[in-house]
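Participant: Sequence:
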Amino acid sequence: MTNPATDGGFAVVELFTSQGCNSCPPAEELLTEIERDARERAEPIFGLGFHVDYWDDLGWPDQFADPAHTARQQAYARAFGTRGLYTPQMVVNGGVEFVGSDRRRAADAIATALATPPATALAASVAERNGRRMAVDYRVEPPPERTVLNVAVAQRGLRSEIARGENAGRTLRQDNVVRAFASVGLDSARGRVELTTPPDLDPGDAVVVAYVQREGSGSIVGATTVELSAA
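According to our numbering, the sequence shown holds residues 108 to 338 in order.
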């Protein structure tokens with residue numbers, strides 16, 4: 108099992124985005140830089156790109172979009188007390204949101220997150236992979252009340268040629284794209300989460316991110332990651 112760093116905090120950076128949004132590519136490039144720099148520095152920063160589906164009727168259906176991603180963004184809007192949804196939106200550790208291309212806000216939010224010790228120790232491992240089925244075992248100490256465990260499978264290095272919509276004619280490179288996601292209530296210190304991955308998932312460019320999140324407030328209190336290629 109893998110564990111987050113013990114001498115500091117972590118940052119789960121969620122980006123709500125769409126291939127149909129012409130202001131989203133700069134935010135996706137920023138997420139790529141954040142994740143790449145974190146890997147080079149061995150920092151516990153975990154980027155996740157959630158592609159929403161409400162742009163799909165405006166000229167270009169995003170193949171990575173999922174109504175569940177839109178529902179997740181709606182839950183954040185309720186927690187933050189904001190009106191409506193927008194892209195690109197970045198959320199750090201479930202507690203602060205801003206326009207996803209704002210480098211200064213991103214840097215400040217991540218620095219604050221890294222300076223905050225985690226409230227919960229989380230460990231995770233890929234226990235089973237059979238075709239499209241994946242099982243992730245977890246251990247959390249102590250098991251916090253009224254929390255859920257989110258498990259995301261994200262893929263790097265994806266390229267898409269956009270034929271219509273606001274980004275028509277562009278080839279977009281996208282990293283950290285969420286290809287599978289599951290969320291379960293935490294009622295014990297140990298357990299297993301099962302996911303179904305897409306048939307075209309490349310395990311060599313994929314990572315599993317697990318994170319503990321409080322119900323209601325949405326704050327993230329523990330996180331860890333597993334490289335799928337090493338699982």
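If you are wondering where the hints come from, they were derived from the structure by calculation, not from laboratory data.
Be careful, since some hints might not be right.
[Claimed, not checked] Now the in silico label distances, taken between C-beta atoms and shown as ranges:
#1 Ala296 / Asn237: 35 to 43 angstroms
#2 Arg185 / Asp215: 20 to 28 angstroms
#3 Ala178 / Phe205: 19 to 27 angstroms
#4 Gly264 / Gly188: 15 to 23 angstroms
Cβ coordinates follow ideal geometry from the N, Cα and C atoms, glycine included.
Participant: Indicate, hint by hint, whether the structure satisfies it.
Facilitator: Outcome of the hint check:
1. Ala296 / Asn237: 35 to 43 angstroms: violated (26 angstroms)
2. Arg185 / Asp215: 20 to 28 angstroms: With Cβ atoms ~24 angstroms apart, the hint holds.
3. Ala178 / Phe205: 19 to 27 angstroms: holds (21 angstroms)
4. Gly264 / Gly188: 15 to 23 angstroms: violated (37 angstroms)
Hints 1 and 4 from the earlier list are contradicted by this structure; the remaining hints agree with it.
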